[in-house]
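K.L.:
This is what each chain is made of:
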Amino acid sequence: AQKITQTQPGMFVQEKEAVTLDCTYDTSDQSYGLFWYKQPSSGEMIFLIYQGSYDEQNATEGRYSLNFQKARKSANLVISASQLGDSAMYFCAMRPRTSGYSTLTFGKGTMLLVSP
Amino acid sequence: KAGVTQTPRYLIKTRGQQVTLSCSPISGHRSVSWYQQTPGQGLQFLFEYFSETQRNKGNFPGRFSGRQFSNSRSEMNVSTLELGDSALYLCASSLDLGTETQYFGPGTRLLVL
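Just so you know, the protein sequences line up as chains A and B, in that order. Note that the numbering used here gives residue 66 to position 66 of the first sequence, counting from 1, and the numbers run on in steps of one. Note that the numbering used here gives residue 95 to position 95 of the second sequence, counting from 1, and the numbers run on in steps of one.
To be clear, the hints were calculated from the coordinates, so they are not data collected in a lab. Predicted model, so just to flag it, every value in this text is computed and none were measured. Where hints are given, some of them may not hold.
[Claimed, not checked] List time: in silico DSS-like cross-link candidates among lysine-lysine, alpha-carbon distance up to 25 Å:
{"no.": "1", "chain 1": "A", "residue 1": "Lys3", "chain 2": "A", "residue 2": "Lys70"}
{"no.": "2", "chain 1": "A", "residue 1": "Lys3", "chain 2": "A", "residue 2": "Lys108"}
{"no.": "3", "chain 1": "A", "residue 1": "Lys73", "chain 2": "A", "residue 2": "Lys108"}
{"no.": "4", "chain 1": "B", "residue 1": "Lys57", "chain 2": "A", "residue 2": "Lys3"}
{"no.": "5", "chain 1": "A", "residue 1": "Lys108", "chain 2": "B", "residue 2": "Lys57"}
{"no.": "6", "chain 1": "A", "residue 1": "Lys3", "chain 2": "A", "residue 2": "Lys73"}
[Claimed, not checked] Which chain A residues face chain B? A few, computed with CB under 8 Å, are given here:
{"no.": "7", "residue": "Phe35"}
{"no.": "8", "residue": "Met45"}
{"no.": "9", "residue": "Phe47"}
Even for Gly, the Cβ is constructed at its ideal location relative to N, Cα and C.
Just need the whole structure built from these sequences, with the hints factored in.
P.N.:
Written out as structure tokens, the structure is:
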């Protein structure tokens, strides 16, 4: 079974500053994918970034980067130069890489508020 | 390319009624998954469909069911609604089973009175 832990219920950051959202995971699978999603108040889950467990380099997508530390089982999301539109819930998720059927397991989420 | 669409966006029902939610995946995506999101339980996996077959199922009662059509569109049905079924129901599509990234729709907000 997989478990995702996001220890920060809420985070505050000022516009243009960088912020790190924490995520740790627990799995017995050797191969897996890690994902971050953003959920604004409208409800839609927006895919942000993906990291494979065997990827040697940390993933980056524009202002988003994933600080992947496999030995520590952590996959923190770093948002550089925060914008007001970044205010939302952020979910960390993982899915084992199998040839069969596997489900996406989510953490409880972190609410990020960006102030002017 | 159009994203995942879900209809209706909002729904109000009363206890005991049944409801059908619809999901159209991204063009070319063959896998559709459904999730329930509530403040208390967070995001919980309901089921996943691929090639018109349910491939995986979460821990929900039999009142929750679904199906997938040949064009990959999917519907989920909840019968004998209970107050606790009030939630945001999210549909996600991916190219294939396994490790592909899932892309979510805007969700259907269901309120059971």
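K.L.:
Compare the structure with each hint and give your call.
P.N.:
Hints, verified against the model:
1. For the given pair, lysine 3 (chain A) sits about 15 Å from lysine 70 (chain A) by alpha-carbon distance, which is consistent with the 25 Å threshold.
2. Proximity of lysine 3 (chain A) to lysine 108 (chain A) is assessed by CA-CA distance (about 10 Å); at most 25 Å being required, the pair is judged to hold.
3. Among the hinted pairs, lysine 73 (chain A) with lysine 108 (chain A) is consistent with the structure: their alpha-carbon atoms are about 17 Å apart, no more than 25 Å.
4. About 18 Å separates the Cα atoms of lysine 57 (chain B) and lysine 3 (chain A), which keeps this hinted pair within 25 Å; it holds.
5. Taking the CA atoms of lysine 108 (chain A) and lysine 57 (chain B), the gap is near 21 Å; set against the 25 Å cutoff, the hint holds.
6. For the suggested pair lysine 3 (chain A) and lysine 73 (chain A), the alpha carbons sit about 11 Å apart, so the restraint of at most 25 Å is met.
7. A distance limit of 8 Å between C-beta atoms decides the matter here; for phenylalanine 35 (chain A) the minimum to chain B is near 7 Å, and the interface restraint holds.
8. Taken as an interface hint, methionine 45 (chain A) checks out: its beta carbon lies about 4 Å from the nearest beta carbon of chain B, inside 8 Å.
9. Contact between phenylalanine 47 (chain A) and chain B, as hinted, is supported at the beta carbon level, the nearest pair being about 6 Å apart and thus within 8 Å.
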